[in-house]
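Engineer: Going line by line, the protein sequences match chains L and W.
Terminal number for the first sequence in our numbering: 385, no gaps in between.
Terminal number for the second sequence in our numbering: 385, no gaps in between.
Note that these hints are calculated values from the structure, not bench results.
It is possible that some hints are incorrect.
Each pair may be met inside one copy or between any two copies, as identical chains are not told apart.
To be verified - Below, in silico cross-link-like pairs of lysine-lysine (DSS-like), each with a Cα-Cα straight-line distance of 30 Å or less: (1) K59 with K276; (2) K59 with K362; (3) K25 with K59; (4) K294 with K362; (5) K362 with K327; (6) K25 with K276; (7) K327 with K294; (8) K59 with K5; (9) K25 with K327; (10) K276 with K294; (11) K25 with K362.
Protein chains: 2
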Amino acid sequence: MDYSKFFSADVPSFLRSPVREIFRKVDLNAICSFAGGYPAACTFPMADIPALTGRVLDKYGTRALQYGATQGVPELREQIARRYGVPVSQVQITTSSQQGIDICSRILLDPGDIVLADNPVYLGALQSFRAYRADVREIPAGCDAPPSAPKFIYVIPDFNNPSGETMTLARRQEIAQLARELDCLIVEDSPYRELRYSGEPVTPIRELAPERTLQLGSFSKIFAPGFRLGWIIGPEPLLEQIFVCKQCLDLCPPVLDQYLATEFMASGLLDANLAKTIVEYRRRRDLMLSLLEKYMPAGVSWTHPEGGLFLWLTLPPAVDTVALYDKALAAGVAYVAGSFFYTDGSHRNTMRLNFSFIDEAKMEPGIRLLAGLVAEAAAPSARIY
Amino acid sequence: MDYSKFFSADVPSFLRSPVREIFRKVDLNAICSFAGGYPAACTFPMADIPALTGRVLDKYGTRALQYGATQGVPELREQIARRYGVPVSQVQITTSSQQGIDICSRILLDPGDIVLADNPVYLGALQSFRAYRADVREIPAGCDAPPSAPKFIYVIPDFNNPSGETMTLARRQEIAQLARELDCLIVEDSPYRELRYSGEPVTPIRELAPERTLQLGSFSKIFAPGFRLGWIIGPEPLLEQIFVCKQCLDLCPPVLDQYLATEFMASGLLDANLAKTIVEYRRRRDLMLSLLEKYMPAGVSWTHPEGGLFLWLTLPPAVDTVALYDKALAAGVAYVAGSFFYTDGSHRNTMRLNFSFIDEAKMEPGIRLLAGLVAEAAAPSARIY
Numbered sequence: 001m002d003y004s005k006f007f008s009a010d011v012p013s014f015l016r017s018p019v020r021e022i023f024r025k026v027d028l029n030a031i032c033s034f035a036g037g038y039p040a041a042c043t044f045p046m047a048d049i050p051a052l053t054g055r056v057l058d059k060y061g062t063r064a065l066q067y068g069a070t071q072g073v074p075e076l077r078e079q080i081a082r083r084y085g086v087p088v089s090q091v092q093i094t095t096s097s098q099q100g101i102d103i104c105s106r107i108l109l110d111p112g113d114i115v116l117a118d119n120p121v122y123l124g125a126l127q128s129f130r131a132y133r134a135d136v137r138e139i140p141a142g143c144d145a146p147p148s149a150p151k152f153i154y155v156i157p158d159f160n161n162p163s164g165e166t167m168t169l170a171r172r173q174e175i176a177q178l179a180r181e182l183d184c185l186i187v188e189d190s191p192y193r194e195l196r197y198s199g200e201p202v203t204p205i206r207e208l209a210p211e212r213t214l215q216l217g218s219f220s221k222i223f224a225p226g227f228r229l230g231w232i233i234g235p236e237p238l239l240e241q242i243f244v245c246k247q248c249l250d251l252c253p254p255v256l257d258q259y260l261a262t263e264f265m266a267s268g269l270l271d272a273n274l275a276k277t278i279v280e281y282r283r284r285r286d287l288m289l290s291l292l293e294k295y296m297p298a299g300v301s302w303t304h305p306e307g308g309l310f311l312w313l314t315l316p317p318a319v320d321t322v323a324l325y326d327k328a329l330a331a332g333v334a335y336v337a338g339s340f341f342y343t344d345g346s347h348r349n350t351m352r353l354n355f356s357f358i359d360e361a362k363m364e365p366g367i368r369l370l371a372g373l374v375a376e377a378a379a380p381s382a383r384i385y
Numbered sequence: 001m002d003y004s005k006f007f008s009a010d011v012p013s014f015l016r017s018p019v020r021e022i023f024r025k026v027d028l029n030a031i032c033s034f035a036g037g038y039p040a041a042c043t044f045p046m047a048d049i050p051a052l053t054g055r056v057l058d059k060y061g062t063r064a065l066q067y068g069a070t071q072g073v074p075e076l077r078e079q080i081a082r083r084y085g086v087p088v089s090q091v092q093i094t095t096s097s098q099q100g101i102d103i104c105s106r107i108l109l110d111p112g113d114i115v116l117a118d119n120p121v122y123l124g125a126l127q128s129f130r131a132y133r134a135d136v137r138e139i140p141a142g143c144d145a146p147p148s149a150p151k152f153i154y155v156i157p158d159f160n161n162p163s164g165e166t167m168t169l170a171r172r173q174e175i176a177q178l179a180r181e182l183d184c185l186i187v188e189d190s191p192y193r194e195l196r197y198s199g200e201p202v203t204p205i206r207e208l209a210p211e212r213t214l215q216l217g218s219f220s221k222i223f224a225p226g227f228r229l230g231w232i233i234g235p236e237p238l239l240e241q242i243f244v245c246k247q248c249l250d251l252c253p254p255v256l257d258q259y260l261a262t263e264f265m266a267s268g269l270l271d272a273n274l275a276k277t278i279v280e281y282r283r284r285r286d287l288m289l290s291l292l293e294k295y296m297p298a299g300v301s302w303t304h305p306e307g308g309l310f311l312w313l314t315l316p317p318a319v320d321t322v323a324l325y326d327k328a329l330a331a332g333v334a335y336v337a338g339s340f341f342y343t344d345g346s347h348r349n350t351m352r353l354n355f356s357f358i359d360e361a362k363m364e365p366g367i368r369l370l371a372g373l374v375a376e377a378a379a380p381s382a383r384i385y
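All chains should be modelled from the sequences, with the hints used to inform the complete structure.
Structural biologist: Below is the structure:
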């Protein structure tokens, strides 16, 4: 039976995530994987979960297992509002920050609408925008306006996925200015903002253009991704439409999980755990930077992220990371080819490396292996003759 | 600032749930509410949650808090597959069965596409179909084909929300036959199927037309709604597309919650709790039926559900349940006006009553109050003169 005739006109624009495809085929624990964007399991507050669960059941009773408000439970919205200095009415809890991206796309995008984004851009966002048949284009440099008005500008200003880079205050001001000139919205995706290992925090774009920014947050990196919880902070008229949309999507976010997050925040455990997580990830980032320095051949450069989970390699032009991928996997090392993050599939000599998930003991063999493959691909003749 | 110019062309078709709007304004615990579709809190396995949580953390370790597979964790898919006698490859876990409805709509519907549905129809489904600008029409009686081919037929064959009715086997066979003739799919929404209080189970439509049925299930009524977990059973080519779509929606369902559901099923607790839930709800259904018999004036009729959470009242034509609503709320009783479940807003002399959520002690005063309001609305002159 041919099912393709039943599918909506959006379906041919659905992209499979090459990252998730890797996860389907390969046991990441069996190889040296720099591929996913997984947090380190050692940062999960495993030991706190039983006590948190007990406290939630005592304090909230059967409310913890019942349907909840579509906006999220008031107690968690209150915690988010307090932490980020916004009114509760400007906070919507989402079932993951990926849902935050999807719900913004759902209420804003029609086929052909323009989204301006960094290039390379976060794959989950690109998937979502493309699934609504949006036209994803690169944000112009400086304050130059593009020929047609976009619906919104999408950015990850802090420790960008995939590049690892942080936007300067001047660039954030340009983005806010550009949005005002174009009269469009800004979707500021901030899943990593709290994971800063060096340097000083930069003002969020939301504070530079509060009237037109939807800021997305995530519990995946500051609590645990298994809870699928995130939030949106934004102007009330936009949140009101998101509220109506969310009724159709899943009625409300997971309720027990929301109360666990509430108590995790209210008790101070989040801040204590975050401090430990930052120490852990700073060490891993520094280790990876030193290993790249030690093993990578000449002609390879990389970003030096001040936070987040990723860094970005630019290899000699002769290296094709898409072509190299199967060989690398067979050799026992995984990465994500950089071209997957480019709207046009270009930049095949780049790759994204994750430094949060891999066991530290595997980092050196992994980078050494990868460096060998890169060196070979950069100058294959050296080995043949 | 006017935000309406930013919204997609779908947004004007978004419907607010009148049920969820009630929840925003009124504390349902303070009145006699027959309005929501909430399960009784006494059916939640509160006492089991700490031990289940401990077992999950012991057994699955940090996997319970990490990102999971987009299709759902294999252990839960296995449990569902075993319970319903289908291969694991035909099971997708969803973040609520509302997401099941939304994801089917997302991959199948373009603006103007026809969906055939019962009339009255579940409001959450109507919201979702309308949000994709589908044309929702009533399923023709018998096997008569409608003038244009629909994308799918949507039904709740067991203890329908809102009507409380169960579809006969003959009618299910007609639906399967109709779908084959029209070459369309069937979305069989089965959130209440396991809640049968009397009569014999009827074959699911999925078994009558497995090649073209997507069957939606829910943990909300057999575990607890706060977990936001459901599932879809269907042909693999359709699930493959749902898998790709779900990556954009939220990457994966909540992981700790999925493992809690896995252990709840595997340990036999689900079946034990379900047996108690059925006894509880049967008593409430019987009580409500006897109270309606006792208090409702002549000219009022109602369905006699064999399961589920709802029954449906048809009042004398003079009674307008939309107009009566504010008066009822002020008097301390809530229901959902039946016309909200009709695609054309007709049948204003009907209402849906929920018998699962309300305290049993409030049922008699609630029905007596409601009966008085109905009697007055049916013959207002009797009180004026």
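Engineer: Could you run down the list of hints and mark each one as holding or not?
Structural biologist: Taking the hints in turn, this is what the structure says about them:
In this homomeric assembly, K59 and K276 come within 30 Å of each other (Cα to Cα) both inside a single copy, at 28 Å, and across copies, at 25 Å. With identical chains, the CA atoms of K59 and K362 are at most 30 Å apart between copies only, with a shortest distance of 25 Å across copies and 43 Å within one. In this homomeric assembly, K25 and K59 come within 30 Å of each other (Cα to Cα) only across copies, at 23 Å, whereas the closest approach inside a single copy is 43 Å. In this assembly of identical chains, the alpha carbons of K294 and K362 lie at most 30 Å apart only when taken from the same copy (15 Å versus 74 Å across copies).
For the homomeric pair K362 and K327, the shortest alpha-carbon distance inside one copy (18 Å) is at most 30 Å, but the shortest distance between copies (69 Å) is not. For the identical chains of this complex, K25 and K276 are neighbours neither inside a copy (32 Å) nor across copies (42 Å), given an alpha-carbon limit of 30 Å. When the C-alpha separation of K327 and K294 is checked against a cutoff of 30 Å, the pair qualifies only within one copy, where the shortest distance is 22 Å, while the shortest distance between copies is 77 Å. Taking identical chains as interchangeable, the C-alpha atoms of K59 and K5 are never at most 30 Å apart, the minima being 51 Å within one chain and 44 Å between chains.
For a Cα distance limit of 30 Å, the shortest separation of K25 from K327 inside one copy, 15 Å, qualifies, whereas the shortest one across copies, 60 Å, does not. Taking CA atoms no more than 30 Å apart as the test, K276 paired with K294 passes inside one copy only; the shortest distance there is 27 Å, against 65 Å between copies. Taking CA atoms no more than 30 Å apart as the test, K25 paired with K362 passes inside one copy only; the shortest distance there is 20 Å, against 55 Å between copies.
The structure fails to meet hints 6, 8 from the earlier list, while all remaining hints are met.
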